[in-house]
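Undergrad: Single-letter residue listing:
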Amino acid sequence: MTSGNETADALNDKFERVKNTFMRTVSHNLRSPIAAAQSCLRVLASGAVTDPEDVSKLLNNALERGEDALALVDDMLALLEVRTETLPPPAEMDLVKAVRGASDYFAAAARNRQVEILVEAPPEPVVVCLRGKMFVMMIRNLIDNAVKYSDPGNKVMIGIAKTGGGVEIKTTSRGLLIGGPDFDNIFIEFWRAPNAKQYSPHGTGLGLPIVKTAVECFGGSISLLSDSENGTSFTVSIPST
Amino acid sequence: MSKKKILIIEDDPAIVDSIAALLKTDYDVDSAKNGNEGLEKVASFKPELIILDLLMPEKDGFDVCKRLKTDEALKNIPVIALSSFTELYGMSFSGEDTKGMLPSDIYLSKPLDPKTLLREIKDHIG
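If you're matching them up, the sequences are chains A and B in order. For the first sequence, this note's numbering assigns the number 2 to the initial residue and increments by one for each residue that follows. For the second sequence, this note's numbering assigns the number 10 to the initial residue and increments by one for each residue that follows.
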């Protein structure tokens, strides 16, 4: 047995372990919403529940948890898309227009949460050459998080600013705070902050990994600040070249 | 005759709603969304049976179960443990060989089987 073979065997073992852990995590994360939806439907099918209010509540719960499972699959496909870079090639795009479009996309969700989204951007277009669909996935995930984890009555601020070497996009929300020890965990697939469920009971834990993968693909960087005085801010820096 | 009391300790509202809807005609049902709140309600609501999710934020079902089963005043309250996991920490709780490894009285996996849940409740508290 050569040392080269041993190295290859060790790498294969590691790959198998990582693959198995990932499959176990995905299975468990998918099983929870499906099991909840199925539980509601089984109780309804048993005929034991006749109160129309209960019937309606269980049907809505089943629908909602079915949608959670679908969202998880969609996010996994999105993550796969950004990781394998199968999206359309880079092209010039106006980031101000893209950010305003993403903001409009979440207008109804923000109203439901009693949150206002404000975009602060230069009056002129900010044009950068990027994979457009990847940028939209990134900014939608950032805004989605900012809205979902805001306390009602607050504003979600989205700032776009030109910098010396490119563009900076910053989302700020007031609500869920991320503790220092969790800073390293937020970009890990399926990880959710312990207090996240209080704001949004259902989440896939894949939004920020999608954001980070997209930012890295753009050659940029992302940073996080979270404290009770300033709220929670994610700042994405994208180089212009 | 007053209804027997059942406490559901579970963080998934969809599961709580489905169990509550199933039981509310015949039992007095209350719920708690994590282990700490659950232990408080055990003291205030005084349930005759507890349905306990195993994986929850803050204090999980394992801790709650151990706490209940080591308390002289509470250890006889039947506990039905629930989990989405058919296998946990390498142990299959549904197998005969592992019976008793979890200090609950019965282990049921999700999705709920209404018939089995009702039968287990009846067997334990009538």
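The set of hints was computed from the structure by calculation and includes no laboratory data. Note that beta-carbon positions come from the ideal geometry of N, C-alpha and C, so glycine has one too. Check the hints yourself; a few may be wrong.
As the list claims (entries may be wrong) - Below, a sample of chain B positions facing chain A; criterion: calculated Cβ distance under 8 Å: (1) 22; (2) 72; (3) 131; (4) 135.
What the hints assert, rightly or not - Pairs of lysine to aspartate or glutamate, EDC-like flavour, derived with a Cα cap of 20 Å: (5) B:12 with B:132; (6) B:124 with A:55; (7) A:134 with A:105; (8) B:12 with A:52; (9) B:68 with A:190; (10) B:124 with B:37; (11) A:58 with B:67; (12) B:68 with B:35; (13) B:75 with B:37; (14) A:163 with A:121; (15) A:198 with B:67; (16) B:50 with B:67; (17) B:33 with A:55; (18) B:13 with B:57; (19) A:198 with A:121; (20) B:55 with B:35; (21) B:33 with B:67; (22) B:124 with A:52; (23) B:33 with A:185; (24) A:198 with B:57; (25) B:78 with B:49; (26) A:98 with A:169; (27) B:68 with B:80; (28) B:84 with B:49; (29) A:198 with B:132; (30) A:198 with A:185; (31) B:33 with A:121; (32) B:33 with B:69; (33) B:131 with B:57; (34) A:171 with A:121; (35) A:58 with B:46.
Unchecked claim - Take a look, some chain B residues computed to stay more than 10 Å from chain A by CB distance: (36) 24; (37) 27; (38) 33; (39) 36; (40) 46.
Undergrad: Against this structure, judge whether each hint is valid.
TA: Comparing the hints with the structure gives:
Interface restraint check for residue 22 (chain B): the shortest CB-CB distance to chain A comes to about 7 Å, inside 8 Å, so the restraint holds. Annotation: interface hint on residue 72 (chain B) violated; nearest CB of chain A at approximately 15 Å, more than 8 Å. Because the smallest distance between the Cβ of residue 131 (chain B) and any Cβ of chain A comes to about 13 Å, over 8 Å, the interface hint for this residue is violated. The interface hint given for residue 135 (chain B) is violated, since its Cβ lies 17 Å from the closest Cβ of chain A, which is over the 8 Å cut-off.
With a CA separation close to 16 Å, the supplied pair residue 12 (chain B) and residue 132 (chain B) stays within the 20 Å bound. For the suggested pair residue 124 (chain B) and residue 55 (chain A), the alpha carbons sit about 18 Å apart, so the restraint of at most 20 Å is met. Proposed proximity of residue 134 (chain A) and residue 105 (chain A) is supported: the alpha carbons are some 16 Å apart, at most 20 Å. For a cut-off of 20 Å, the pair hint linking residue 12 (chain B) to residue 52 (chain A) stands: about 19 Å separates their Cα positions.
About 23 Å separates the Cα atoms of residue 68 (chain B) and residue 190 (chain A), which puts this hinted pair outside 20 Å; it is violated. For the hint pairing residue 124 (chain B) with residue 37 (chain B), the CA-to-CA distance comes to about 19 Å; that is within 20 Å, so the pair holds. Between residue 58 (chain A) and residue 67 (chain B) the alpha-carbon distance is near 27 Å, which puts this suggested pair outside the 20 Å criterion. Under the criterion of a C-alpha separation no larger than 20 Å, the hint pairing residue 68 (chain B) with residue 35 (chain B) is inconsistent with the structure, at around 29 Å.
The straight-line distance between the Cα atoms of residue 75 (chain B) and residue 37 (chain B) is roughly 25 Å, outside the 20 Å bound, and the hint therefore fails. Of the supplied pair hints, the one linking residue 163 (chain A) and residue 121 (chain A) holds, its CA atoms being roughly 12 Å apart against a limit of 20 Å. Distance restraint check for residue 198 (chain A) and residue 67 (chain B): the Cα-Cα separation of roughly 11 Å lies within the 20 Å cut-off, and the hinted pair is therefore satisfied. In summary, the hint linking residue 50 (chain B) to residue 67 (chain B) is supported, as the alpha carbons are separated by about 16 Å, within the 20 Å threshold.
A distance of roughly 10 Å separates the Cα atoms of residue 33 (chain B) and residue 55 (chain A); the hinted pair therefore holds under the 20 Å criterion. Between residue 13 (chain B) and residue 57 (chain B) the CA atoms are separated by roughly 6 Å; this keeps the pair inside 20 Å, and the hint holds. At most 20 Å may separate the alpha-carbon atoms for a hinted pair to count; residue 198 (chain A) and residue 121 (chain A) exceed this at roughly 29 Å. Straight-line distance between C-alpha atoms of residue 55 (chain B) and residue 35 (chain B) comes to about 17 Å, which keeps the hinted pair within the 20 Å bound.
In summary, the hint linking residue 33 (chain B) to residue 67 (chain B) is not supported, as the alpha carbons are separated by about 27 Å, beyond the 20 Å threshold. Between residue 124 (chain B) and residue 52 (chain A) the CA atoms are separated by roughly 19 Å; this keeps the pair inside 20 Å, and the hint holds. A C-alpha spacing of about 44 Å is found between residue 33 (chain B) and residue 185 (chain A), which places the hinted pair above 20 Å, so the restraint is violated. For the hint linking residue 198 (chain A) to residue 57 (chain B), the alpha-carbon distance of about 29 Å lies beyond 20 Å, and the restraint is violated.
Our distance criterion of 20 Å between C-alpha atoms is met by residue 78 (chain B) and residue 49 (chain B), whose separation comes to about 15 Å. About 15 Å separates the Cα atoms of residue 98 (chain A) and residue 169 (chain A), which keeps this hinted pair within 20 Å; it holds. For the proposed pair residue 68 (chain B) and residue 80 (chain B), the alpha carbon gap of about 17 Å is at most 20 Å, so the pair holds. Between the alpha carbons of residue 84 (chain B) and residue 49 (chain B) the distance comes to roughly 15 Å, so the proposed pair stays at or under 20 Å and holds.
Taking the CA atoms of residue 198 (chain A) and residue 132 (chain B), the gap is near 35 Å; set against the 20 Å cutoff, the hint is violated. Restraint check for residue 198 (chain A) and residue 185 (chain A): satisfied, since their Cα atoms lie roughly 19 Å apart, inside the 20 Å limit. This hinted pair does not check out: residue 33 (chain B) and residue 121 (chain A) have alpha carbons roughly 52 Å apart, beyond 20 Å. The straight-line distance between the Cα atoms of residue 33 (chain B) and residue 69 (chain B) is roughly 25 Å, outside the 20 Å bound, and the hint therefore fails.
The suggested pairing of residue 131 (chain B) with residue 57 (chain B) holds, with an alpha-carbon distance near 12 Å, which does not exceed 20 Å. Restraint check: the Cα-Cα separation between residue 171 (chain A) and residue 121 (chain A) comes to about 10 Å, which is no more than 20 Å; the hinted pair holds. Restraint check: the Cα-Cα separation between residue 58 (chain A) and residue 46 (chain B) comes to about 24 Å, which exceeds 20 Å; the hinted pair is violated. Distance check on residue 24 (chain B): its Cβ comes as close as 6 Å (rounded) to a Cβ of chain A, failing to clear the 10 Å threshold; non-interface status is violated.
Here residue 27 (chain B) does not stay apart from chain A, with its beta-carbon only about 4 Å from theirs, under the 10 Å limit. Not every C-beta of chain A lies more than 10 Å from that of residue 33 (chain B), the closest at about 8 Å, which undercuts listing it as non-interface. Here residue 36 (chain B) stays apart from chain A, with its beta-carbon at least about 12 Å from theirs, past the 10 Å limit. At the 10 Å boundary, the C-beta of residue 46 (chain B) stays outside the reach of chain A, the nearest C-beta of that chain being 13 Å off.
Of the numbered hints given earlier, the model fails hints 2, 3, 4, 9, 11, 12, 13, 19, 21, 23, 24, 29, 31, 32, 35, 36, 37 and 38; all others are met.
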